[in-house]
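Protein chains: 2
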Amino acid sequence: MATILVIFLRYRERLEKLGVCCTLQDLGKHIVDGKELPLPPVLFGQLGDDKSKKTVLVYGHVDVQPAAKSDGWNTDPFTLTEKNEKLYGRGSSDDKGPVLCWLHAVEMLQKQKINIPVNIKFCFEAMEESGSIGLAELLERNKNDFLAGVDFVCISDSYWLGTTKPCLTHGLRGICSFQLEVTGIQQDLHSGVYGGVVHEPLQDLVWMMSQLTSVENRILIPGIYDDVAPMSKEEHELYDSIDFCVKEFRESVGAKKLPTEDKKTLLIRRWREPCLSLHGIEGAFSGAGEKTVIPSKVIGKFSIRIVPNMKPEKVNKLVVDFLNDLWRKRGSPNTFNPRLGHDALPWVADTNDANFKAVHGVDPDYIREGCSIPITLTFQELTGKSVLLLPLGAADDMAHSQNEKMNKINYIQGVKTLLAYLLELGKV
Amino acid sequence: MATILVIFLRYRERLEKLGVCCTLQDLGKHIVDGKELPLPPVLFGQLGDDKSKKTVLVYGHVDVQPAAKSDGWNTDPFTLTEKNEKLYGRGSSDDKGPVLCWLHAVEMLQKQKINIPVNIKFCFEAMEESGSIGLAELLERNKNDFLAGVDFVCISDSYWLGTTKPCLTHGLRGICSFQLEVTGIQQDLHSGVYGGVVHEPLQDLVWMMSQLTSVENRILIPGIYDDVAPMSKEEHELYDSIDFCVKEFRESVGAKKLPTEDKKTLLIRRWREPCLSLHGIEGAFSGAGEKTVIPSKVIGKFSIRIVPNMKPEKVNKLVVDFLNDLWRKRGSPNTFNPRLGHDALPWVADTNDANFKAVHGVDPDYIREGCSIPITLTFQELTGKSVLLLPLGAADDMAHSQNEKMNKINYIQGVKTLLAYLLELGKV
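Protein chains in written order, with full-length UniProt numbering: chain W, 1 to 428; chain U, 1 to 428.
Calculated from the structure, these hints are not laboratory results. One or more hints might be untrue.
Said to hold, decoys possible - So, partial list: chain U residues that the calculated Cβ filter (under 7 Å) puts toward chain W:
hint, residue
1, S191
2, G192
3, G196
4, V206
5, M209
6, I294
7, D396
8, H400
9, S401
A virtual CB, placed ideally from N, CA and C, is assigned to each residue, including glycine.
With the hints as constraints, model all of the structure from the sequences given.
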């Protein structure tokens, strides 16, 4: 919390040097397991208040996914390191790099004494990787205040489909997260002394987790695919024309084989079908080497990406009902407790809006994304205006993974793209 | 390595104050994943060299299982903390506490100017929790040197069956450890961007791990129970007479129900039947909270406790063959690599030996143990003499777990027991 405040103060200082009027908005507290946790603030900024100009709201986030050198990073994840024209570091691409691109774009226009033809509002948060807790409510409270008069929203927090051709993102998957807790013994036990005469919570948990997906990574929860929006003929055709090489994709992830190697089916599965990923287990031995322990309380983590027209409430119910059925089937005397984590709605935009048309440069591919940016839909609903997802990073930036990077060329061209977008918006 | 050297130098200093002649024995190096790791030394000590006296060899270990306050300890695991007549700290019971009891016993006899009627040799190591790597070979090399003339071996590295009645341990299970590595993508991936279009290694691994045991914690690997020694009528009767309360045991582990609640079946499963425990997964997300990642390389850890007449080579082959069959059945394009960890043979002693008869105090229960002390069998084979397992700690000491402790009363009575044992040995 102290760290994130320091980070926000640095961003505020840089914004204020550009003449941006900034305030830190208190998000209050969040209750986890009965404990109150203070939430980091949100930074609101405003540059220009010319009634004759349109206003664009720029969103970004300065929080990042966890990272440690020992996860397999080649460099310290929290020291930006340049190597082979790439900028390595946690957040370089998701999403501190793109946030900085916005600051550079404004700075460059001011240095060149070019009139910025739009008013700019900034909304930078630090809870995006945790489902943007509290932000929707804060924005709701500011609907007639900070959000009033916003004509366009722009978010740079997604990725190109490949590594060379710029893209515009017009769809995002949502997410429902889950935690499966299994307990049954009061503390970790010596497996030599107690092995064979207790029901091991971890044996129950891996069995539960193994029942969620098929070997081809399709979800085994009944009804989960029922609400997926049917595809129109036009959408089918859009997929046919997208520039995407399955072989290059397969090689970039380093897989021998993919669950599907058909371009269209693969893109459909990534963008407009739900999927289930297992993330890990808390409470079991996770170090290197051996530890002959029977863990007493283990928590399996997984999430389901959801698409239109799936609703988190319905997905949560389907999943929890399925888990409870599974647990009955398992017949273990241990205690099972399924918990809901954060969720976010999917989002799809109208690509014919002026906001989309204002993007300068090569004709982009209109793509969707498999991931979630929880606040996209909130901005669209509260402003009633179009939200543009303008990705600056390349497909191989490895957000959330080891050795996250942003290419120097994407960073520099990204600044130019944002700058051109601002100038184009002035012509709308 | 530096830490363990410092610990050994402290023990050497204390032993030398008692007149024990000490040397540190180099164990050389151990190769793990192609890398050479230096092994910690072994401490050999000798007190007395009177040819007219018998010689007892005392074994202990000063290494411990991993521990961190964040695992759920109420106190710093590496600061011995007294609370409610209990001494809390990692190693308090397994096995630094018992090692110190030996030092106190000798010190007390010397202070009281009581002649110690036996020569004592000490063998303290620091690799017990990792399968005593290198120790068997070191002892083999010292068969006609340090081990020559040893008449009795005594090890205090096990536990009473309950919390009130002292026990003598005359059997130990062995162990075979395994690691299941599944890889398939070159690094961790963002589950939003890649979810649904890769075969997730963690999905494969939890499925593999879920196929090893039944819900009642019986091993599903064909042939694994085939070599378990049949029980004689006498052994059946021995189990009938043992003082053991299933209800108290169940409550001490905090379980609602056990896989068996029949006293005899439960003890048989703990002491003379194999069992399989899952310990955890390396490489997946193991922290608190959420991380929407697809882990790229995950390693499942499990071990099987083995009993007479099972042989590690045969168990290893049964398990690896089973795992390879399972993997074929899974049909995943990912890469699976089963690896063998440390193993140790089971051990059973003849309780009619003078070494067992020399134990003073209340008539003890003759028990076996579910856990392994790898070096027990080596001592028996190399000296050709009886090995006494003289447990000092209580059943609820929670070795390998959070909040490991030794009761102050066990610590004090333990010193007296060892002291009486030394005096009794002089009468043999």
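Status of each hint after checking the structure:
1. S191: At 4 Å from the nearest chain W Cβ, S191 (chain U) passes the 7 Å test, so the hint holds.
2. G192: At 2 Å from the nearest chain W Cβ, G192 (chain U) passes the 7 Å test, so the hint holds.
3. G196: holds, 3 Å
4. V206: holds, 4 Å
5. M209: holds, 4 Å
6. I294: I294 (chain U) check passes; min Cβ-Cβ to chain W is 5 Å, inside 7 Å.
7. D396: At 10 Å from the nearest chain W Cβ, D396 (chain U) fails the 7 Å test, so the hint is violated.
8. H400: Constraint on H400 (chain U) satisfied, holds at 4 Å.
9. S401: holds, 4 Å
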